[in-house]
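**Student:** Each chain is listed here by its residues.
Protein chains: 4
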Amino acid sequence: MKKTFRLVISCPDRIGIVAAVSQFLNERKGSITEASHHTDQESKWFFMRHEIDAESLSVDVATFREQFAPIAEEFDMKWYVKDSEVLPKVMLLATKESHCLNDIMHRWHTGELNCEIVGVIANHESLRSMVEWYNIPYHYISVPKEDKMPAFHQIEKCIDDAQADTIVLARYMQIFPEFLCQKYQHKVINIHHSFLPSFIGAKPYHQAAVRGVKLIGATCHYVTADLDAGPIIEQDVIRVRHSHTATDMVRLGKDIEKLVLSRGLRYHLEDRVIVHGNKTIVFAD
Amino acid sequence: MKKTFRLVISCPDRIGIVAAVSQFLNERKGSITEASHHTDQESKWFFMRHEIDAESLSVDVATFREQFAPIAEEFDMKWYVKDSEVLPKVMLLATKESHCLNDIMHRWHTGELNCEIVGVIANHESLRSMVEWYNIPYHYISVPKEDKMPAFHQIEKCIDDAQADTIVLARYMQIFPEFLCQKYQHKVINIHHSFLPSFIGAKPYHQAAVRGVKLIGATCHYVTADLDAGPIIEQDVIRVRHSHTATDMVRLGKDIEKLVLSRGLRYHLEDRVIVHGNKTIVFAD
Amino acid sequence: MKKTFRLVISCPDRIGIVAAVSQFLNERKGSITEASHHTDQESKWFFMRHEIDAESLSVDVATFREQFAPIAEEFDMKWYVKDSEVLPKVMLLATKESHCLNDIMHRWHTGELNCEIVGVIANHESLRSMVEWYNIPYHYISVPKEDKMPAFHQIEKCIDDAQADTIVLARYMQIFPEFLCQKYQHKVINIHHSFLPSFIGAKPYHQAAVRGVKLIGATCHYVTADLDAGPIIEQDVIRVRHSHTATDMVRLGKDIEKLVLSRGLRYHLEDRVIVHGNKTIVFAD
Amino acid sequence: MKKTFRLVISCPDRIGIVAAVSQFLNERKGSITEASHHTDQESKWFFMRHEIDAESLSVDVATFREQFAPIAEEFDMKWYVKDSEVLPKVMLLATKESHCLNDIMHRWHTGELNCEIVGVIANHESLRSMVEWYNIPYHYISVPKEDKMPAFHQIEKCIDDAQADTIVLARYMQIFPEFLCQKYQHKVINIHHSFLPSFIGAKPYHQAAVRGVKLIGATCHYVTADLDAGPIIEQDVIRVRHSHTATDMVRLGKDIEKLVLSRGLRYHLEDRVIVHGNKTIVFAD
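Keeping their order, the protein sequence lines are chains R, D, Y and F.
First residue of the first sequence? That's 1 in the numbering used here, and the numbers climb one at a time after it.
First residue of the second sequence? That's 286 in the numbering used here, and the numbers climb one at a time after it.
First residue of the third sequence? That's 571 in the numbering used here, and the numbers climb one at a time after it.
First residue of the fourth sequence? That's 856 in the numbering used here, and the numbers climb one at a time after it.
Treat the hints as calculated values from the structure; they're not laboratory data.
For every residue, glycine included, the Cβ atom is placed at its ideal position computed from N, Cα and C.
Keep in mind that the hints are not guaranteed to be accurate.
With a straight-line cut-off of 25 Å between C-alpha atoms, the simulated BS3-like cross-links for lysine-lysine are [unchecked claim]: (1) K773/Y - K1134/F; (2) K1003/F - K937/F; (3) K773/Y - K488/D.
Using C-beta positions, here's what the derived DEER-type ranges look like [what the hints assert, rightly or not]: (4) T247/R - P355/D: 35 to 41 Å; (5) A487/D - S898/F: 39 to 45 Å; (6) Y80/R - E597/Y: 56 to 62 Å; (7) E397/D - K145/R: 23 to 29 Å; (8) M571/Y - K488/D: 38 to 44 Å; (9) G396/D - G1132/F: 29 to 35 Å; (10) E644/Y - S981/F: 49 to 55 Å; (11) Y365/D - T247/R: 43 to 49 Å; (12) E644/Y - E55/R: 40 to 46 Å; (13) M173/R - Q1040/F: 54 to 60 Å; (14) T532/D - M1/R: 50 to 56 Å; (15) G396/D - H124/R: 45 to 51 Å.
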């Protein structure tokens, strides 16, 4: 894959933004390999993502950052530019279920996910051997029912020591505490095993079986202090029939959970997701 | 299409039901063209639907009914047998939106739906010409905000006069009153423009846009006194993106509403749906 | 819907195109409501579509055209700019099957398709009444097996008299002759009832049933002299099972044919489709 | 999971089959947990699959087999009955790509696939460590271009030594020779990375990119001597856009390949697939 710079911008919509940015890139001989725009008509907010061939540019990422700053200021931009070769550092959290974890690790192992997996934190020992086969550090941190806070402080330290910038709850069966949600805002990605906002909370497949729905789904979203209510990144569904029990749904749902989480994570890692209020703009490829 | 008898059964599960029924059919030389079974393991309830080539049988439907009664009694069956050539009578209810109505009428017109459409009841005049092109009687019954009951009694009379046995709310923008829900239990089919149980009630696409979901859906269900909470017959979804406003969702959603309603209605008309508690068994072909 | 100008460009890829175009729009105060880019890495070709709020612009479409010409020349662009309120004129061709025709006419009737339907040409009389209900002129042009050319010349005249710029073969069961394919290049849209390139030619559902596929599909494509081999605009599929005969597939397939044709037609009418070699770039919304 | 007997039957259609079979089961107190029927109207052939609670039966599988034989003979049945606890023995074949292999092994490891994986045969060494982590024997059998037959005889011996009854080509990049196709008829399952019959043979994603299709797919089928033309078990598709190169399709396609192969394999292992001519009846749950 070619080295690119990813320039991601959001700002109040007004005339001249695209002209200013493309003029800037043009002056530095930037060859744009992917460009995406969106204007939210309701909030009058503008979003843009450019992927620029790094070799075509006459400047490095630090210089780019410095020189772009005045334009960003002029248009009141929230923005960043990233070098695609500086890999995001991902910390995975899991409990006992391995389908999402295995899926992510396998994609990473075969070069499909551009990131560094810096570790797995789990509140059980059962997945250690699988994780260690991938040469990924395994941190066993038990979360006792009666007093969970010390464990979460240990988790925080573990994340920070590893300098992780993306945290993935890969079917981690613990509610992430508010202080971590806030500290890592828009950096914690969860997979919920229902088509949100249906079936929030525990045992969604059981809820789905009781309601008699004809499709079940999964939702990849950023974690906020509000349970299963954060900005949605990706969703998908699969058909079920009257013959499927809650147990069957658990099995069928795994395929959707894996897919939806991996897809959402890839969008996040490639800087394709912009959070706006409680919604996301996803510039999928 | 060949004339068939449709034998639909539900009863407590126990050994011997299939043997008894198939023995009965065998003795009458019945050639089974479609057979479906389901056992609900939780409630230990058994469901069966047979479609039998009418010409192969040595008995007519009345004799069949009479002779089958003892078996039905032995196994505590809720059951019926229907002649596929006795067409169900369908009353359609609509407001101003024509996409579902047109879809159903066109399918019926081209022989895709095996039923008789006995009329359209609408609380506006705008769809009259379209309906009358199909030679279907159009009943304009206004439903004034301040006092809706007289209108619903008129609707009841209209349904009964036409001897309708299936009532379809084809985007009828009025809440069906409890007394009609009860009178026509499991005979009133509604299309709700969301993937239930998400976004119950008014303006579901607006709710979906606010929540930022990545798929929108539609749900075909039997109407009960509990709003949008009746047994689900069929559902489907369509992908949306950040660029889609609530208005776009309304447009995109229409395609799913039409499909889901027509599919659900077809299952109902072909006696493929059995209601069990608040769920359905759907023996789709 | 707001009046927009749609600027659609394709040209050899090189640095500076976006800067030049956005500078041009910026100088005329153009507010971009939708912008899409694509670079084909293999052919090094660049594609761009802008939708610009017409009221924001300080120029009308003719002046825009005149003033943009030098830029277009500089970059060797194939390009056009269109006023969204100048509606495309669509001629529909059909035989006896009405599902696609009815679907398109109903969408147009309810304001979903931004076009003028200037007529329906059919080689049977059976759809006349339905078409005339929509106040659309119906042209019966028989296509006798032994000598089809006079009919196609009559069709050509009919299209030209109506000044149609888009021709839709809505399940028109005649092969379009080469001279018309060439005359109306990239203006004739067909719906083929299979997932191309599977099952080219006659009776695709029958072919699908024989092969035992588990999904059937439909393909909307531009017609070329090479049968069912033109640039694909849109495709979709639906699941089938062993219980579905070719006849069932015909019925199930209709739903996909309608959807795929209407979606493809909408993309075409909104200038979202650019043909490049034998492929299309579709800037879907 | 409860122990069941699976009775799978195909025979010429005639009246009395269901009665005879259900009478037989009834006499032995068999509690039917799943029953599926199908009649192929064209060939007048009948197919039936029963899953019977083993504990409810008064006979073991050997006695069942013996006692059922006269009925089978009377109706000219091709049939078998299997104990669900006698696990099928699966041999996997792979080259270098690990996505399908890892997916199957992980499902098996977590108890989702009811089988015994007796080994992996590969023509490269690269997957050894992953396979051995699962404690599955790894057989490296090189297939030299100039003379492949000795390798295939070695493969045959390896399959037979392990007493494998199901052979899965999990992206095995070698054409299976005719003598093995014949020897293991309806026992060799392949995943082809296209929506067959489109794009038979090599590099289907490249072919798909050239043709400009809007969906790509995968096909799980039984291997026959006729390349990619055997009976199809399962298929699925995923949407692609003009921005996706052949390389992107390879990546996106993997998700569909895995899913389709695992689904097809599960149907096969649960005796849900009956081959009839070049088609399959799949009694999916």
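**Student:** Hint by hint, say whether it matches the structure.
**Tutor:** To see whether the hints hold, each was checked on the structure:
1. Proximity of K773/Y to K1134/F is assessed by CA-CA distance (about 18 Å); at most 25 Å being required, the pair is judged to hold.
2. For the given pair, K1003/F sits about 36 Å from K937/F by alpha-carbon distance, which is inconsistent with the 25 Å threshold.
3. Restraint check for K773/Y and K488/D: the C-alpha separation of about 43 Å exceeds 25 Å, so the hint is violated.
4. In this structure the supplied range 35 to 41 Å holds for T247/R paired with P355/D, their Cβ-Cβ distance being about 38 Å.
5. One distance hint, 39 to 45 Å for the beta-carbon pair A487/D and S898/F, is violated here, with the actual separation near 53 Å.
6. The supplied range of 56 to 62 Å is broken by Y80/R and E597/Y, whose beta-carbon atoms lie about 29 Å from each other.
7. The hinted window of 23 to 29 Å between E397/D and K145/R is violated, with their beta carbons roughly 57 Å apart.
8. For M571/Y and K488/D, the Cβ-Cβ distance of about 21 Å falls outside the hinted range of 38 to 44 Å, so the restraint is violated.
9. A C-beta distance of roughly 30 Å is found between G396/D and G1132/F, which places it inside the suggested range of 29 to 35 Å.
10. Separation of E644/Y from S981/F is about 52 Å and conforms to the stated range, judged on CB atoms against 49 to 55 Å.
11. For the hinted restraint 43 to 49 Å between Y365/D and T247/R, the CB-CB distance of approximately 32 Å leaves it violated.
12. Between E644/Y and E55/R the beta carbon distance is about 25 Å. The supplied range of 40 to 46 Å is therefore violated.
13. Separation of M173/R from Q1040/F is about 46 Å and departs from the stated range, judged on CB atoms against 54 to 60 Å.
14. The given range of 50 to 56 Å is broken by T532/D and M1/R, whose C-beta atoms sit roughly 38 Å from each other.
15. Range check, G396/D to H124/R: Cβ separation about 60 Å, and the 45 to 51 Å hint is violated.
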